[in-house]
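Q: Sequence:
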Amino acid sequence: MLHELPRADAAPERPQITAAEAAAMARTVVNLFDRWDLSDAEAREILGGLAARTYARWKAGEVGRIDRDLATRLSLLMGIHKGLRYLFTDPARGYGWVKKPNSALGGRTPVDIMAEGSIFALARIRSYLDAERGGW
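All you need for the numbering used here is the position in the sequence shown, starting with 1, plus 13.
Because the hints were derived from the structure by calculation, they are not lab data. All residues carry an ideal CB built from backbone N, CA and C; glycine is no exception. Hints may contain errors.
[Stated by the list, open to error] Listed below are the simulated SDA-like cross-link pairs for lysine to any residue, each with C-alpha atoms no more than 20 Å apart in a straight line: (1) Lys72 with Ser88; (2) Lys95 with Glu34; (3) Lys112 with Gly77; (4) Lys72 with Lys113; (5) Lys112 with Glu34; (6) Lys112 with Glu129; (7) Lys72 with Arg106; (8) Lys95 with Lys112; (9) Lys72 with Arg48.
[As the list claims (entries may be wrong)] Listed next, with one range per pair, are the computed distances between beta-carbon atoms: (10) Gly74 with Leu15: 21 to 27 Å; (11) Lys72 with Ala105: 18 to 24 Å; (12) Gly147 with Thr31: 27 to 33 Å; (13) Asn115 with Thr31: 32 to 38 Å; (14) Ala37 with Gly61: 17 to 23 Å; (15) Arg66 with Glu34: 21 to 27 Å; (16) Arg78 with Leu15: 44 to 50 Å; (17) Ala54 with Leu118: 18 to 24 Å; (18) Asp50 with Leu18: 21 to 27 Å.
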């Protein structure tokens with residue numbers, strides 16, 4: 014027999030991603046982009062057009078304030094990384110996947126799509142990987 018689960022109260026005043034979590038994701042994404050062998054220009058576009066100076070500070074370990082849009086992008090990138098780690102037992106193959114043309118993406122590389130700069134482009138790659146690994 015089905016039973017309704019109790020609903021949790023919404024807490025809109027509580028941020029879903031804390032400043033400390035966002036800063037940790039930013040540091041991780043800088044390392045991830047290095048593993049993906051991205052240029053600074055590609056990295057900055059994927060991050061929504063982040064200023065060159067800001068990205069240089071991130072690479073130096075100085076992460077400043079991260080707004081909701083950027084935190085969401087970082088979260089999507091962490092999901093993409095997680096999906097690749099699930100799909101590939103060899104981490105190097107997962108890191109290399111982002112630069113390989115993919116017929117499911119119209120022959121484009123995932124980096125090409127993500128570097129369009131749209132948050133929806135990141136979500137598209139994340140959704141594709143989730144579907145490939147059987148996630149929802």
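Q: Take the hints in turn and mark each one as holding or not.
A: These are the hints, each one checked on the structure:
no.	hint	verdict
1	Lys72 with Ser88	18 Å, holds
2	Lys95 with Glu34	16 Å, holds
3	Lys112 with Gly77	29 Å, violated
4	Lys72 with Lys113	25 Å, violated
5	Lys112 with Glu34	27 Å, violated
6	Lys112 with Glu129	14 Å, holds
7	Lys72 with Arg106	24 Å, violated
8	Lys95 with Lys112	17 Å, holds
9	Lys72 with Arg48	13 Å, holds
10	Gly74 with Leu15: 21 to 27 Å	51 Å, violated
11	Lys72 with Ala105: 18 to 24 Å	22 Å, holds
12	Gly147 with Thr31: 27 to 33 Å	30 Å, holds
13	Asn115 with Thr31: 32 to 38 Å	34 Å, holds
14	Ala37 with Gly61: 17 to 23 Å	19 Å, holds
15	Arg66 with Glu34: 21 to 27 Å	24 Å, holds
16	Arg78 with Leu15: 44 to 50 Å	45 Å, holds
17	Ala54 with Leu118: 18 to 24 Å	20 Å, holds
18	Asp50 with Leu18: 21 to 27 Å	45 Å, violated
Hint violations for this structure: numbers 3, 4, 5, 7, 10, 18, all remaining hints satisfied.
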